[in-house]
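Number of protein chains: 8
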Amino acid sequence: MEENRLKKLLEEVAGGRVTAAEALDRLRTLPFEDMHYAKVDHHRALRRGIPEVIFCQGKTDDQIVGISSRMIDQGVDLLATRCDPVIFARIEKSIPGAVFHSEASLFAVIQNKTVRKGRVAVVSAGTSDLNVAEEAAWTAHYFGCEVDRFNDVGVAGIHRLFSCWEEIRKADVIIVVAGMEGALASVVGGIAESPVISVPTSIGYGASFGGVAALLAMLNSCAGGVTVVNIDNGFGAAYAASVICKKIYR
Amino acid sequence: MEENRLKKLLEEVAGGRVTAAEALDRLRTLPFEDMHYAKVDHHRALRRGIPEVIFCQGKTDDQIVGISSRMIDQGVDLLATRCDPVIFARIEKSIPGAVFHSEASLFAVIQNKTVRKGRVAVVSAGTSDLNVAEEAAWTAHYFGCEVDRFNDVGVAGIHRLFSCWEEIRKADVIIVVAGMEGALASVVGGIAESPVISVPTSIGYGASFGGVAALLAMLNSCAGGVTVVNIDNGFGAAYAASVICKKIYR
Amino acid sequence: MEENRLKKLLEEVAGGRVTAAEALDRLRTLPFEDMHYAKVDHHRALRRGIPEVIFCQGKTDDQIVGISSRMIDQGVDLLATRCDPVIFARIEKSIPGAVFHSEASLFAVIQNKTVRKGRVAVVSAGTSDLNVAEEAAWTAHYFGCEVDRFNDVGVAGIHRLFSCWEEIRKADVIIVVAGMEGALASVVGGIAESPVISVPTSIGYGASFGGVAALLAMLNSCAGGVTVVNIDNGFGAAYAASVICKKIYR
Amino acid sequence: MEENRLKKLLEEVAGGRVTAAEALDRLRTLPFEDMHYAKVDHHRALRRGIPEVIFCQGKTDDQIVGISSRMIDQGVDLLATRCDPVIFARIEKSIPGAVFHSEASLFAVIQNKTVRKGRVAVVSAGTSDLNVAEEAAWTAHYFGCEVDRFNDVGVAGIHRLFSCWEEIRKADVIIVVAGMEGALASVVGGIAESPVISVPTSIGYGASFGGVAALLAMLNSCAGGVTVVNIDNGFGAAYAASVICKKIYR
Amino acid sequence: MEENRLKKLLEEVAGGRVTAAEALDRLRTLPFEDMHYAKVDHHRALRRGIPEVIFCQGKTDDQIVGISSRMIDQGVDLLATRCDPVIFARIEKSIPGAVFHSEASLFAVIQNKTVRKGRVAVVSAGTSDLNVAEEAAWTAHYFGCEVDRFNDVGVAGIHRLFSCWEEIRKADVIIVVAGMEGALASVVGGIAESPVISVPTSIGYGASFGGVAALLAMLNSCAGGVTVVNIDNGFGAAYAASVICKKIYR
Amino acid sequence: MEENRLKKLLEEVAGGRVTAAEALDRLRTLPFEDMHYAKVDHHRALRRGIPEVIFCQGKTDDQIVGISSRMIDQGVDLLATRCDPVIFARIEKSIPGAVFHSEASLFAVIQNKTVRKGRVAVVSAGTSDLNVAEEAAWTAHYFGCEVDRFNDVGVAGIHRLFSCWEEIRKADVIIVVAGMEGALASVVGGIAESPVISVPTSIGYGASFGGVAALLAMLNSCAGGVTVVNIDNGFGAAYAASVICKKIYR
Amino acid sequence: MEENRLKKLLEEVAGGRVTAAEALDRLRTLPFEDMHYAKVDHHRALRRGIPEVIFCQGKTDDQIVGISSRMIDQGVDLLATRCDPVIFARIEKSIPGAVFHSEASLFAVIQNKTVRKGRVAVVSAGTSDLNVAEEAAWTAHYFGCEVDRFNDVGVAGIHRLFSCWEEIRKADVIIVVAGMEGALASVVGGIAESPVISVPTSIGYGASFGGVAALLAMLNSCAGGVTVVNIDNGFGAAYAASVICKKIYR
Amino acid sequence: MEENRLKKLLEEVAGGRVTAAEALDRLRTLPFEDMHYAKVDHHRALRRGIPEVIFCQGKTDDQIVGISSRMIDQGVDLLATRCDPVIFARIEKSIPGAVFHSEASLFAVIQNKTVRKGRVAVVSAGTSDLNVAEEAAWTAHYFGCEVDRFNDVGVAGIHRLFSCWEEIRKADVIIVVAGMEGALASVVGGIAESPVISVPTSIGYGASFGGVAALLAMLNSCAGGVTVVNIDNGFGAAYAASVICKKIYR
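Protein chains in written order, with this note's numbering: chain A, 57 to 306; chain B, 57 to 306; chain C, 57 to 306; chain D, 57 to 306; chain E, 57 to 306; chain F, 57 to 306; chain G, 57 to 306; chain H, 57 to 306.
Hints in this document: simulated from the structure, not taken from any laboratory.
Backbone N, C-alpha and C define an ideal beta-carbon position, used for all residues, glycine too.
Certain hints may be false.
[Claimed, not checked] Lysine-lysine pairs mimicking DSSO-like chemistry, simulated, CA-CA at most 27 Å apart:
1. A:LYS169 with A:LYS303
2. E:LYS302 with F:LYS226
3. E:LYS173 with F:LYS303
[Said to hold, decoys possible] Some residues of chain D that are not near chain C, with every Cβ distance over 12 Å (derived):
4. GLY71
5. ASP118
6. ASP140
7. GLU148
8. VAL155
Could you build the full structure based on these sequences and the hints that come with them?
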C-alpha cells in the first residue's frame with residue numbers, strides 16, 4: 057500500500073469526501089484478486105518494473121494456464137520458470153504469445169517494451185551446468201539486462217577462464233554457475249571487481265549430495281564478497297543481478 | 057598482473073630495453089612479499105579501494121601483529137576481523153592507531169581518507185544477533201559506505217519492522233541479519249526494492265544447529281532476489297554490499 | 057480398558073458371580089480383533105469420537121479394502137489418508153459410500169451424524185502447498201470441526217496475509233502450512249492469539265531438502281507457542297487441532 | 057495497532073480534530089520504545105495476558121538488567137528464561153523482586169495478580185530431563201496454569217507411567233519431556249485424550265546427536281495428534297499449552 | 057582353513073609323505089572356487105550349519121542363477137534375499153526346487169533336513185512393516201528356528217502389545233520390527249527378559265528420513281540390552297537371532 | 057506386576073478376604089517408591105538377577121548419592137556408570153563399599169553373591185578405545201559373566217587379531233569395540249561362530265564425526281549377524297551379552 | 057601455455073619478428089576451441105599422455121557425439137565414461153571405432169599406440185561392486201597401465217583375500233573398491249606396501265546412505281596412507297593410479 | 057609372517073628338526089609383544105622402512121611414554137603425532153632424544169640414518185592451515201622425503217599460486233592443504249602432472265562444518281586424479297606421499 061495513496065485517502069477523509077468507515081474499508085481493499093488457488097498481485101510487476109513470475113514446478117497444467125491467462129489479460133509481462141518441455145507442449149496452445157526456451161525450461165509472454173540496462177555475465181563451469189546457466193541468462197534477459205554467456209570455463213582447465221576474463225570483467229554483475237566442488241566461484245570472486253553471485257548446481261555424483269558440496273564451497277568461499285543462492289536457482293541469481301543493475305542504472 | 061604493465065613490458069622487450077630472459081623473470085615478480093606464514097598483497101587494496109583485511113581467528117598473536125605491522129608500514133588501511141577483546145588487549149600496544157569495536161570483535165587502522173559513497177541498512181532480528189550485525193555495520197563503514205542500523209525488528213513482532221520501514225527502504229543495499237528461523241529475510245525480501253543480502257546467525261538452540269536452520273531458510277526464501285552469505289559472516293555481507301555500492305556510485 | 061468395567065468385574069468376582077479364573081481370562085479379552093495383518097480397534101473411535109483412520113501408503117489394495125470393510129461393517133466412520141487417485145480408482149467399487157477428495161488424496165466413509173464444534177483456519181503459503189493444506193482441511197472436517205481455508209498468503213507478499221487476517225483470527229486453532237523457508241509460521245505465530253500448529257511441506261528445491269528447511273524454521277520459530285508436526289503431515293496437524301477443539305467445546 | 061484506535065483516529069480526522077498529516081504521523085507511533093539493543097513492546101503482555109519474556113542466553117548482564125528494569129517500571133510481569141545461576145547471582149541485586157528457580161534456570165518478577173485457569177501435566181522420562189521439565193512447569197505456572205509434575209516415568213519401566221496415569225489424564229494439556237529415543241511421547245499420545253505437546257531434550261549420548269534422535273521420534277510418532285517443539289524448549293511447550301488453556305477457559 | 061587339516065598336513069610333512077614345497081602350495085588351496093564374479097565358499101554353510109545366502113539386490117539375473125546353481129549342485133541349502141517377485145518370475149525356471157515367499161522377497165532351496173531349535177518371536181509395529189518382519193521370520197525359519205509372528209502391535213495402541221505379551225515372552229530371542237519413531241523397541245526392551253534385536257524400517261514419511269528416525273530411536277533406547285541392525289535388515293536380525301539360538305541349544 | 061500376585065489377589069477377592077475396592081487400590085500399589093526425582097524400582101533387579109544401574113551423566117552429586125543409598129539400603133547390588141573420577145572423589149565417602157574402576161568410569165556396590173555364568177570376550181581395536189572396552193568388560197563382570205579382554209587388535213595389523221583368535225572364539229558372546237572406521241567388527245563377524253555385538257566408539261577425528269563413521273560401518277557390516285549398540289555404549293553391549301549368557305546357562 | 061612457447065614468443069618480440077601488440081594477442085590464443093557448450097582442449101591429452109575424457113552423465117546425445125567427433129578428428133584418443141548401454145546404442149553409429157564396455161558403462165576410441173607401463177590391481181569386495189571396479193579397471197587400461205582384477209574378496213570371508221594376496225601385492229598401485237562398510241580398504245591398507253587408493257561404492261542399503269558409510273570408513277581408515285576418491289568414482293581412482301605409474305616408470 | 061620363514065619352518069619339519077606340534081606352536085608366535093594396552097609390532101617399521109608411529113590423541117601420558125620407551129629400546133625410529141605442547145612439556149623428560157615441532161604438534165626420536173628419496177611439495181591455502189601443513193611436512197620429512205613448503209597460496213589471490221608454480225611442479229608428489237571451500241585442490245589438480253593428495257582442514261566457520269565443506273569439495277573435484285584423506289589428516293597425506301616416493305625411487 058503506497059504511502060501516497062494512504063495520504064490521499066486521509067486527505068479525502070479530512071475533506072469530508074470520504075467517511076471514516078469508508079476509509080477503513082478501503083484500507084482493506086488491497087490490489088490483488090483471489091483465484092482460490094493463487095492470489096495474483098498485478099501491482100508487483102508495476103512496482104518493480106519486472107515481469108510477473110510463475111514457478112511451475114508443483115502446479116497443475118490448469119493452474120499454470122489459469123494464472124498465466126489472468127496475467128496476460130492484465131497486460132503485464134510474464135515469465136514462467138521450471139516448466140519442462142513436456143508440460144509446455146501440453147499447455148502452449150492455451151497461452152498465445154508464449155516463447156519457450158527449452159534449455160532453460162522456461163517460457164515468457166512479453167507484452168510491453170523493455171529498455172535493457174546493465175550487463176550480466178553468466179559464467180558456468182561445465183557443459184552439465186548449462187541448464188541452470190540458461191535459466192539465469194534468460195531470466196536476466198527478461199528482467200531487462202544485457203546478458204553474456206561464458207560456458208565450460210571450470211577450474212580444471214583454468215586457462216580457459218583466463219582466456220575470456222577480459223570479456224567477463226566488463227559485466228556489471230557476474231553470475232557464477234558451478235556444480236561438483238564449485239571452486240569456480242572462489243577463483244572468479246578472487247579476481248573480480250563486480251558483484252559476484254554464485255549458483256551451486258546439483259551436477260555431480262556420490263558425495264556431491266545433489267549440490268550440497270558446491271553450495272558449502274560457495275558459502276565458505278575464501279574470496280571476499282561472494283553471495284550465494286539456492287542450489288540450481290539460476291532464476292534467483294538473475295533476479296538479484298537485475299535488482300543490482302536497476303540500482304546502478306536507476 | 058595488469059594488462060598495462062604487461063603491455064609496457066612487451067614494448068620494452070620490443071624496444072630492446074629488456075631482454076627476453078629478463079622479461080620472463082619479471083613476469084614472475086608479482087607484487088606481494090613472502091613473510092613465510094602469509095603472503096601480503098599490498099596491491100589488492102589499491103586495486104579495489106578497500107582496506108586490507110586480516111581474519112584473526114586461527115592466527116597467533118604474533119602472526120596478527122606481524123601482518124598488521126607490514127600493512128601499516130606500507131601505508132594501506134587495515135581491517136582485522138574476528139579479533140575478540142582478550143586477544144586485542146594482548147596486542148593493542150603493538151598496533152598503534154588501532155581502533156577496536158568490541159561488539160563487532162574487529163579493529164581497524166585507517167591511514168587514508170575515505171569518501172563515503174552508498175548507504176547500507178543493517179537490519180537485525182534480535183538482540184542476540186547484534187554482534188554479527190555490528191560486524192556487518194563496521195565492515196561496511198570501513199569499506200566506505202554510510203551505515204544505518206535497525207536492531208531487534210524480528211518477525212515475532214512484525215509491526216516493529218514496519219514502523220521503521222520508511223527509513224530502511226532508503227538504503228542502496230539492505231543487509232538482513234537473523235538467527236533462529238531467519239524469517240526476517242523473506243519478509244524484507246518480499247517488500248524491498250533494493251538488493252537484499254541475508255546473513256544467518258548461529259543464534260538459537262536445539263534444532264537451529266548453529267545457524268543451519270536460518271541458513272536453509274534464507275537459501276529457500278520465497279522472496280525473489282535474496283542472496284545469502286555464510287553463517288555469522290557479517291563481514292562477507294558488508295563486503296558484497298560495498299562492492300554493489302561502488303558499482304552504483306562509480 | 058475402562059476403570060468402570062474393571063471395577064464392575066471385580067465386584068462380580070466379589071459377589072461370586074464370576075470366578076477368579078474367569079476374571080483373569082476376561083481381563084485378557086481386549087476389544088479388538090485380529091485380521092492377521094492389522095489389529096482393528098473399534099473402540100478407539102467411540103472413545104475419542106473421531107473416525108477410524110487408515111494410513112494407505114505402504115499398504116496393498118487388498119489390505120486397504122479389507123480393513124475398510126471391517127470398519128464399515130462395525131458401523132464406525134472411516135477416514136483413509138495418503139490414498140492417491142490411481143489407488144482409489146482401483147478400490148472404489150469395493151468400498152461403497154466412499155467419498156474421495158483428490159486434492160487431499162483421502163477418502164471417507166461417514167455412517168454417523170457429526171455435530172461440528174470448533175473452527176479451524178488452514179492457512180497456506182503457496183499454491184504448491186495446497187495438497188497438504190487440503191489434507192489438513194478435510195481431516196479437520198471429518199474430525200468434526202468447521203474449516204476455513206486461506207491459500208497463497210505467503211510472506212513474499214505479506215499484505216495478502218494481512219488482508220484476510222481478520223477472518224483468520226476468528227479461528228479456535230490456526231494451522232499454518234508452508235514449504236520453502238516456512239516463514240509464514242513465525243509471522244502468523246507473532247500476531248495470533250489462538251494456538252498455532254505449523255506443518256512444513258516438502259515443497260521447494262535444492263537446499264530445501266524435502267521440507268527440512270521449513271521444518272527447522274518452524275521448530276526454531278521466534279514466535280512463542282508455535283508447535284510443529286512432521287513434514288507434509290496435514291493429517292497430524294488437523295488431528296491435534298480437533299483434539300484442542302473438543303477440549304474447548306467439551 | 058488495534059482496529060479501534062485506528063477507527064477512532066479516522067473519526068477524529070473526519071471530525072477535523074486531527075489533520076491528515078498528523079494522522080499519518082500517529083500511525084507511525086507504535087506502542088513500543090527503542091532501547092537501541094531491544095525494542096520493548098509493553099502492550100504485548102496486556103494483549104495476551106501473559107508476562108513479558110526475556111530469553112537471556114546470548115545477552116549480556118547489562119542487557120538483561122536493562123530490559124528487565126524497563127519492564128518492571130512499566131508494571132508488567134516478567135519471565136526471564138535461560139538464565140543460569142551464575143548469571144543470576146551477578147544480576148539479582150539489580151532486579152528487586154526477582155524469584156529464581158535454579159532447576160529451571162529462570163526467574164520471574166510478578167507484579168500483578170494471576171487467576172489460574174487450566175491444568176497442565178508435565179510428564180518427563182528420566183531424572184536427566186528434569187531441567188527442561190522444570191522450565192516447562194514454571195513457565196506454565198507463570199503463564200497462569202495449574203501445573204502437575206510426573207517425573208521419571210519413561211518407557212523402560214512402563215508400569216511407572218501407568219501407575220500415575222489416572223492423575224495425568226486429568227490435565228487439560230499434557231507436556232511430554234523426553235530425551236534419548238523419546239518413546240514416551242508416542243506411548244502417552246496413544247492413550248491420551250487431551251492435547252499432547254512433546255519436548256525432545258538433548259539428554260543422551262552417541263547417536264542421540266544432542267536431541268535429534270528424540271526430536272525425529274516425536275515428529276514421526278505413530279500416535280495421532282502429537283505436536284512437537286524445539287529441542288529443550290520447555291518454555292515453548294508451556295507457552296503453547298497456556299494458549300490452549302486460555303482458549304478452553306476463555 | 058581348519059586347524060585339523062593344518063595339523064594333519066604338518067604331520068604328513070613330518071612323516072615325509074608331503075614335501076615342504078607341496079605343503080606350501082596346499083596351504084594356498086582354499087576351499088572355494090572362483091566363478092569370476094563371485095567366490096563361492098561351500099564350506100561356510102557346513103561350518104555354521106546354515107544355508108548359503110545370496111543377496112540378490114544389485115546382481116543380474118544371470119549372476120543369481122549362476123551362483124544358485126553352483127550351490128545347489130554342491131548339495132548345500134540356499135537362501136536368496138532381496139529378490140523381488142518380478143526378478144523371481146524371470147529366473148524361477150532356472151532354479152528348480154526354489155520356494156518363493158513374496159511378502160518377504162526371498163526364495164529358498166532346501167536340500168537337507170533341518171532340526172529346528174530355539175524359538176524366535178518377530179514382533180512388528182504396523183501393517184506397513186510386514187515385509188521386513190516377514191524377511192526376518194522366513195530367514196529365522198530357514199536358519200533353523202521356530203518362529204512366531206506378532207503383527208500390528210505398535211505403541212499407539214499399547215494394549216495390543218500387552219494382550220499378546222504372554223506369548224511373546226516365551227521366545228528365546230525377540231526381534232522387534234518398527235518404522236516411524238521405533239518406540240516399540242524400547243517398550244519391549246523394558247519388559248523383556250530375552251535378548252531383543254531391533255530392526256528399524258524405512259516406513260514413514262517426512263522427517264523419518266527413510267528409517268533414520270527409527271534407527272536413532274533404537275540406538276538410543278532407554279531400555280537396557282537392546283541391540284540394533286541396519287534399516288530394513290530383517291535378514292541380519294534373524295541371522296543374529298539364529299546364532300544365539302544355536303548357542304542356547306548347542 | 058506378576059500374574060501370580062494378580063491371580064492370588066483375585067482369589068482373595070473371590071474368597072471375600074479382600075473387597076473389590078481394596079483390590080482396585082492394591083492394583084495401583086506398584087513396587088517402586090517415589091523419591092521425587094527418580095522412581096526406584098527395587099524389584100527389577102530381583103526379576104532379572106542383575107544389579108540396579110544408575111546412569112550418572114546428567115545427574116547431580118546429590119541425586120547419585122540419594123539413589124545409591126536407597127538401593128544399598130534395600131540390599132540390592134548397584135552399578136553406577138558414566139561416573140568420572142572427579143565426581144567419584146566427591147561422593148565416595150557417602151557411598152560405603154563402592155568399588156571404583158577409573159578406566160571404565162563406573163563404580164559398583166556388591167552386597168550379594170554372584171555365580172558367574174557365561175564367557176564374554178571384549179575385543180578392542182586401539183589403545184584409545186580402552187575406556188569403552190573397560191566399561192563393557194566391567195559391566196559384563198558385574199552382570200555375572202566371566203570376561204576376557206583382547207586389546208589393540210585392530211585391522212591395521214590384522215595378524216594381531218589372528219594371533220589371539222583361538223582364545224577369542226571360546227567366548228559365548230564376543231563384544232567388538234572399535235572407533236575410526238570400525239572395520240574390526242566385520243572381520244570378527246566374518247570368522248566368529250558366537251554372537252557378535254559391536255560398539256562403535258567416538259575415537260577418531262575429522263570425518264569420524266564422533267563415532268558416526270564407525271557406527272555406520274558396523275550397521276552396514278557385510279558379515280552376517282553382527283548387531284550394534286549406540287556409540288561408546290559399552291554398558292549396553294555388555295547388558296545384551298549378559299542377557300544372552302543367562303539364556304545359554306539358564 | 058608452455059614456458060617454452062612463451063620464451064620463444066618473447067624472443068621473437070626481442071628479435072623484432074613479432075610486435076608487442078601481436079604478442080599480446082597471441083598470448084590470448086590458447087590451444088582450445090569453442091564449441092559453444094564445451095571447450096575442447098586438445099593439448100591436454102598430449103601434455104599428459106592420456107586420452108581425452110568425456111563425462112557423459114548430464115550431457116545430451118548430441119553433445120556426446122559432437123565432442124567425441126571433434127576429438128576423433130584431431131587424432132587424439134578418447135575415453136567416455138558414465139555412458140550407459142541405452143545411450144551408447146543410440147549414438148554408436150555416429151562414433152565409428154568406439155569400443156564399448158557395458159559392465160563399466162564406458163567406451164573408448166583409440167587412435168594412437170599405447171605402451172603399457174605400471175601394474176594396477178583392482179580389488180573389489182562384492183559382486184555388486186563390479187561395475188565400479190570395471191570402470192576403474194578399464195580406465196587404468198586406457199590410461200596405459202597393466203590391470204589385474206581381484207573380485208569378491210570382501211572381509212566377510214577374509215581368507216579369500218589372503219588366498220590371492222601374493223598376486224595383489226605385485227601391483228605398483230592397488231585400487232580397493234568396496235561398498236557397505238568399506239572395511240576392505242583398511243585390511244588391504246594394513247598389509248600393503250604399495251600405494252592404496254580406495255573407492256567407496258553406493259552398494260548397500262538402509263544406513264549405507266548411498267555410499268556414505270563406506271566413504272567415511274575409508275576416510276577414517278586406521279591403516280596408514282590410504283587415500284580416497286568420491287563414491288563410485290572408479291574413474292578417478294584409476295586416473296590417480298595411472299599418474300603414479302607414470303611417475304614410477306617415467 | 058614372512059613366506060620365507062614359513063618355508064624354512066616347513067623345511068625343518070620335513071627334515072625332522074621340528075615336530076609338527078612345535079611347528080603349529082611357532083606359527084602362532086608372531087613378532088609383537090603385549091603391553092596390555094597396546095601391541096607393539098617392531099617388525100612393521102623394518103618391513104616398510106619408516107618410523108613406528110604413535111597417535112597420541114586419546115592416550116594418557118603414561119601410555120605415550122610407555123609405548124615410546126619400548127620402541128626406543130628396540131632401536132626403531134619413532135614419530136608421535138597429535139601431541140600438543142602441553143602434553144609434550146609433561147613427558148619430554150621421560151623420552152630422551154625427542155625432537156618436538158610445536159607448529160605440527162608432533163615429536164620424533166630418530167636412531168637410524170635416513171637416506172632421503174623423493175620430493176614432496178606441501179602447498180597450503182591460508183595462514184590458518186599451517187598446523188596441518190606442518191604435520192604433513194614433518195611427517196614426510198621423517199618418512200624419508202625431501203620437503204618443500206608453499207604457504208598462503210589460496211585461490212582468493214590466484215596469482216600467488218602461479219608465482220611459485222614452477223617450484224611446486226618439480227615435486228614427485230604434491231600435498232594440497234586447504235580449509236574453507238578447499239578450491240585450491242581443484243586448481244592445483246587441474247594443472248599438475250604429479251600425483252596430488254589433498255587434505256581438507258577444519259579451518260573455517262559457519263557452514264564449513266569443521267572441514268566438511270572442504271572435504272566434499274575435494275572429493276568432488278572436477279580435476280582428474282586428485283585423492284583425498286581425512287580432515288586435518290596431514291599425517292595420512294604424507295604417509296601416502298612417502299609410499300609413492302618409495303615406489304618411484306625403489
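Outcome of the hint check:
1. A:LYS169 with A:LYS303: 20 Å, holds
2. E:LYS302 with F:LYS226: Within the cut-off at roughly 15 Å; holds.
3. E:LYS173 with F:LYS303: This hinted pair holds, its Cα atoms lying about 14 Å apart.
4. GLY71: Non-interface label stands for GLY71 of chain D: nearest chain C Cβ at 25 Å, farther than 12 Å.
5. ASP118: Given a closest Cβ separation of 22 Å, the condition holds.
6. ASP140: 21 Å, holds
7. GLU148: Given that every Cβ of chain C is farther than 12 Å from that of GLU148 of chain D, nearest at about 25 Å, it holds.
8. VAL155: 21 Å, holds
The structure is consistent with each of the numbered hints, conforming to all of them.
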